Amino acid sequence: MELLADPTVWVGFLTLVVLELVLGIDNLVFIAILVGKLPPEHRDKARVIGLSLALGMRLALLAILSWIMGLTRPLFTIFDKGFSGRDLILLGGGLFLLYKATTELHEHLEGSSGEANANPAYSSLGMAIVQIIALDLVFSLDSVITAVGMVNDLPVMMAAVIVAVILMLVASKPLTTFVNSHPTVVVLALGFLLVIGFSLVADGLGFHIPKGYLYAAIGFSILIEALNQWGKRNQDRAVARTPARQRTTDAVMRLLGAGSAAEEPAPAVTPGDRLALQAGGSGLYPAEQDMIRGVLRLAERPVTELMTPRERIVWIDAAKGREHAREVLASTQHTRMLVAEGELDNLKGVVQSRDLLAALLEDGGGVLDRALRQPLRVPDTTTALQALEMVREHPIPLAAVCDADNRVAGLFTANDLLAAIAGDLVDTRTAQRAGRGAEADN
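Be aware that the sequence shown starts at 1, since it is given in full-length UniProt numbering, and climbs by one per residue.
No lab work stands behind these hints, which were simulated from the structure alone. As the structure is a computational prediction, the values presented were derived from the model and not from experiment. Accuracy of the hints is not assured; some may be wrong.
[Stated by the list, open to error] Simulated crosslink set (DSS-like; lysine-lysine; CA at most 27 Å straight-line):
#	residue 1	residue 2
1	LYS320	LYS232
2	LYS45	LYS81
3	LYS100	LYS45
[Stated by the list, open to error] Label pairs and their in silico Cβ distance ranges:
#	residue 1	residue 2	range
4	ASP290	LEU125	30 to 36 Å
5	PRO395	GLU305	24 to 30 Å
6	GLY126	PHE207	58 to 64 Å
7	LYS232	ASN415	43 to 49 Å
8	GLY231	LEU296	30 to 36 Å
9	GLU41	LYS81	46 to 52 Å
Cβ coordinates follow ideal geometry from the N, Cα and C atoms, glycine included.
Take these sequences, add in the hints, and give me the full structure.
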């Protein structure tokens, strides 16, 4: 009770708690980086285990104060510099921290981190815990030595360490979530670890760097990053005021490398574009979404998926003469038809309905010859986009799709392409027959 009634004890306790929290920040940052490499279901477990091990290690080290104090005695000398057990631990921990922070920073800068992949390669829980234990030893030693130098009462030291670790445990989850959800913060945290690792190596070699300088630099960097995050949030808010439909359209066009007519060259993809594409609602109607999806798939869809199949092709048999041509013209709504002799594979050309009608109204023979045009043939291995380019360059926007044996497999027109994007169009003759049927019922 006398200990609790002593004001100097409470001042020392609170001061030690604050110092333990400050000294534990680097441990928290390291755990946050490692936990982010684990599968989501193991992250909470690794974080709790890591900080629990840190608490147990610090309490164990406090319980053997005499051994801790003995670590400062030189074990051997190199170039008139004595190296103690503490120096060796700081050197080893600092080198490990430099290696770990450098490799993690390289992964993030090279874009090979797990977040960028659809199936990220996670680290194992056991390996993460081993790395946490290794760094806990270094950070705990530094923390315990600070506690021994500040407070003389062992119960006060242990109480301060327990309170500080509990507070770190409470703050660890939001810190881990924040760090791993902001890529720039991850890079900043790895930079902190590099600075801390360098300071540990320097301390182990006998070059003491005042902690105040390190924490001042880290605090200034955090302030700059806070302003950066504030600016990004304001930018997202400004983007959110733009209609979702416009954001989605602009995002798709920028991703395709295109922009509005006034934009030269097209701007890069912005965070607002990503926000628009990741948002739950794009502001587009389902039919518009289907059309965009259809356009984006044209380059990968084969023309055989869009063409009119062979059995549904309306064609004119040149061997059956003028009357057959007139009958086909009167019975179809198509504006262009294939002409073959005897069978569809003996393709002679293509005729347009208006040219065939004009030839039929004239006297004389050779009706089909006068209206016939050379057909466009495309292989059945052609993509829809390639077929579109070929059809656009041909005088008649129609192509016969042929297989490897040059047999007609189907017919491709601009209407087939439009149907792939906007859906099947209404057959005018079917609509007319349906309308006449409805009138008859009335």
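Now for the hints, and whether the structure bears them out:
1. LYS320 x LYS232: violated (74 Å)
2. LYS45 x LYS81: violated (42 Å)
3. LYS100 x LYS45: holds (21 Å)
4. ASP290 x LEU125: 30 to 36 Å: Hint violated: Cβ distance 44 Å, outside 30 to 36 Å.
5. PRO395 x GLU305: 24 to 30 Å: Roughly 26 Å apart at Cβ, these two residues keep to the hinted range, so it holds.
6. GLY126 x PHE207: 58 to 64 Å: Hint violated: Cβ distance 36 Å, outside 58 to 64 Å.
7. LYS232 x ASN415: 43 to 49 Å: For LYS232 and ASN415 the Cβ distance comes to about 47 Å; the hint holds.
8. GLY231 x LEU296: 30 to 36 Å: holds (33 Å)
9. GLU41 x LYS81: 46 to 52 Å: holds (48 Å)
Of the numbered hints stated above, those contradicted by the structure are hints 1, 2, 4, 6, listed in ascending order.
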